[in-house]
Amino acid sequence: MSRFDYVVENISDEIRIDKWICEQNQEISRSMLQKLLKENQVTVNGKAVSKSYKINNGDCISVEIPEPVELDVLPENIPIEIVYEDDDLLVVNKPKGMVVHPAAGNYNGTLVNALLYHCKGRLSSINGVIRPGIVHRIDKNTSGLLIVAKTDKAHTGLAEQIKAHTFTREYQAVICGRLKDSNGIVEAPIGRHPVERKKMCVTDKNSKDAKTEYTVLDEFNGYSHIKLKLYTGRTHQIRVHMSYIGHPVYGDDVYGKASKLCEGQCLHAKKIGFVHPINGEYYEFDSELPDYFTNVLNKLSK
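Residue 327 is where the sequence shown starts when you use this note's numbering, and the numbers rise one by one after that.
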């Protein structure tokens, strides 16, 4: 069981306890917190309170989160494109529409289910039963390259590189509008959206630094094909940053608007590079743009 303790200080307006706690801890969603409140897992000054409780300066708040019930994740014979594989890791080219690991509403048909079958269960255990081998993720409707660890040692070494921002990660996207400059950098902190908890946003509150570089590859009537380099790896970073500067990723129905040409954002993780955590050599892999992406380019160019 995890426990978080807070002391309320320096508030001047009335604020509900669920909203205040979510602002302090981005890992707790509003829906999760309301469930914890209902189950008397949230106390103020030692007493359980309801979600309508208004906090006061000096309140001592405790939140207890029970350990999650582990699910059985089963191997599934789902075809996946393996770009590279050795005894320690593999690089996969994930198709658009595939979820990386099981979660609410997606307990099968995920990349993890496919990996368990392909690797015969030999995946790192660091991220537990639900996310074995998963070192980093890309969104369901983002296609492209990601690395999977087979051993805990490989996983640790790769995770350290991600933390140090030494990975090479290059994406391509189609965005709405034409950029003023052919090359530029968006440097703006990203955190959880204060109201829509499934979304991220540019904010100075409970956020982390984020940096994205873009280069224009081609321009159409009202759209642009761009290359992007990630210096950090925040959740939805490219989608949030491009929307923030007024050029959302084409087809992004969360940070922009949906399109009939493709389901979800036109965004592809094209290149990835890293130092192999076991042999110390630098590896870099590039992938072709998938059909859905080239179809969008062809339609827009006409």
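No lab work stands behind these hints: they were computed from the structure.
Mixed in with the good hints there might be a few duds.
The list that follows gives simulated cross-link-like pairs (lysine to aspartate or glutamate, DMTMM-like), each with its CA atoms no further than 25 angstroms apart [to be verified]:
{"hint": "1", "residue 1": "Lys524", "residue 2": "Glu393"}
{"hint": "2", "residue 1": "Lys476", "residue 2": "Glu349"}
{"hint": "3", "residue 1": "Lys506", "residue 2": "Asp478"}
{"hint": "4", "residue 1": "Lys361", "residue 2": "Asp398"}
{"hint": "5", "residue 1": "Lys479", "residue 2": "Asp544"}
{"hint": "6", "residue 1": "Lys364", "residue 2": "Glu411"}
{"hint": "7", "residue 1": "Lys466", "residue 2": "Glu411"}
{"hint": "8", "residue 1": "Lys534", "residue 2": "Glu349"}
For each label pair, taking beta carbons as the anchor points, the in silico distance ranges come out as [to be verified]:
{"hint": "9", "residue 1": "Lys586", "residue 2": "Asp478", "range": "39 to 47 angstroms"}
{"hint": "10", "residue 1": "Arg523", "residue 2": "Lys373", "range": "25 to 33 angstroms"}
{"hint": "11", "residue 1": "Asn434", "residue 2": "Lys583", "range": "42 to 50 angstroms"}
{"hint": "12", "residue 1": "Lys553", "residue 2": "His491", "range": "15 to 23 angstroms"}
{"hint": "13", "residue 1": "Lys583", "residue 2": "Glu607", "range": "26 to 34 angstroms"}
Here a beta-carbon is modelled for each residue, glycine too, at the ideal position from N, C-alpha and C.
Practice item. For the pair supplied as a hint, Lys534 and Glu349, confirm whether the alpha-carbon distance does not exceed 25 angstroms. Key: holds (14 angstroms)
Point to revise | Supplied distance hint 42 to 50 angstroms, evaluated on CB atoms of Asn434 and Lys583 | key: violated (30 angstroms)
Review point. Has the given pair, Lys506 with Asp478, been kept, meaning a C-alpha gap of at most 25 angstroms?
Key: violated (45 angstroms)
Point to revise | Pair hint Lys364 and Glu411, alpha-carbon separation not exceeding 25 angstroms | key: Given pair Lys364, Glu411 is violated - Cα atoms ~47 angstroms apart, limit 25 angstroms.
Practice item. Using the beta carbons of Lys583 and Glu607, state whether their distance is inside 26 to 34 angstroms or not. Key: Violated, at about 44 angstroms.
Check your understanding: CB of Arg523 to CB of Lys373, is that within 25 to 33 angstroms?
Key -> Cβ of Arg523 to Cβ of Lys373: about 26 angstroms, so the range 25 to 33 angstroms holds.
Check your understanding: Straight-line Cα separation of Lys479 and Asp544 no greater than 25 angstroms?
Key -> The given pair, whose Cα atoms are some 42 angstroms apart, is violated under the 25 angstroms limit.
Practice item. May I ask you to test the hint 15 to 23 angstroms on the CB atoms belonging to Lys553 and His491? Key: holds (18 angstroms)
Practice item. Assess, step by step, whether the Cα of Lys476 is no farther than 25 angstroms from the Cα of Glu349, and give holds or violated. Key: Violated, at roughly 36 angstroms.
**Study point:** Satisfaction of hint between Glu393 and Lys524, Cα-Cα up to 25 angstroms
**Key:** Holds. Lys524 to Glu393 sits at ~22 angstroms (cutoff 25 angstroms).
Practice item. For the range 39 to 47 angstroms, tell me whether the beta carbons of Lys586 and Asp478 fit it or not. Key: holds (45 angstroms)
Practice item. Please work out if Lys361 and Asp398 have their alpha carbons no farther apart than 25 angstroms. Key: It holds: about 24 angstroms lies between the C-alpha atoms, which stays within 25 angstroms.
The structure is inconsistent with the numbered hints 2, 3, 5, 6, 11 and 13, although it conforms to all the rest.
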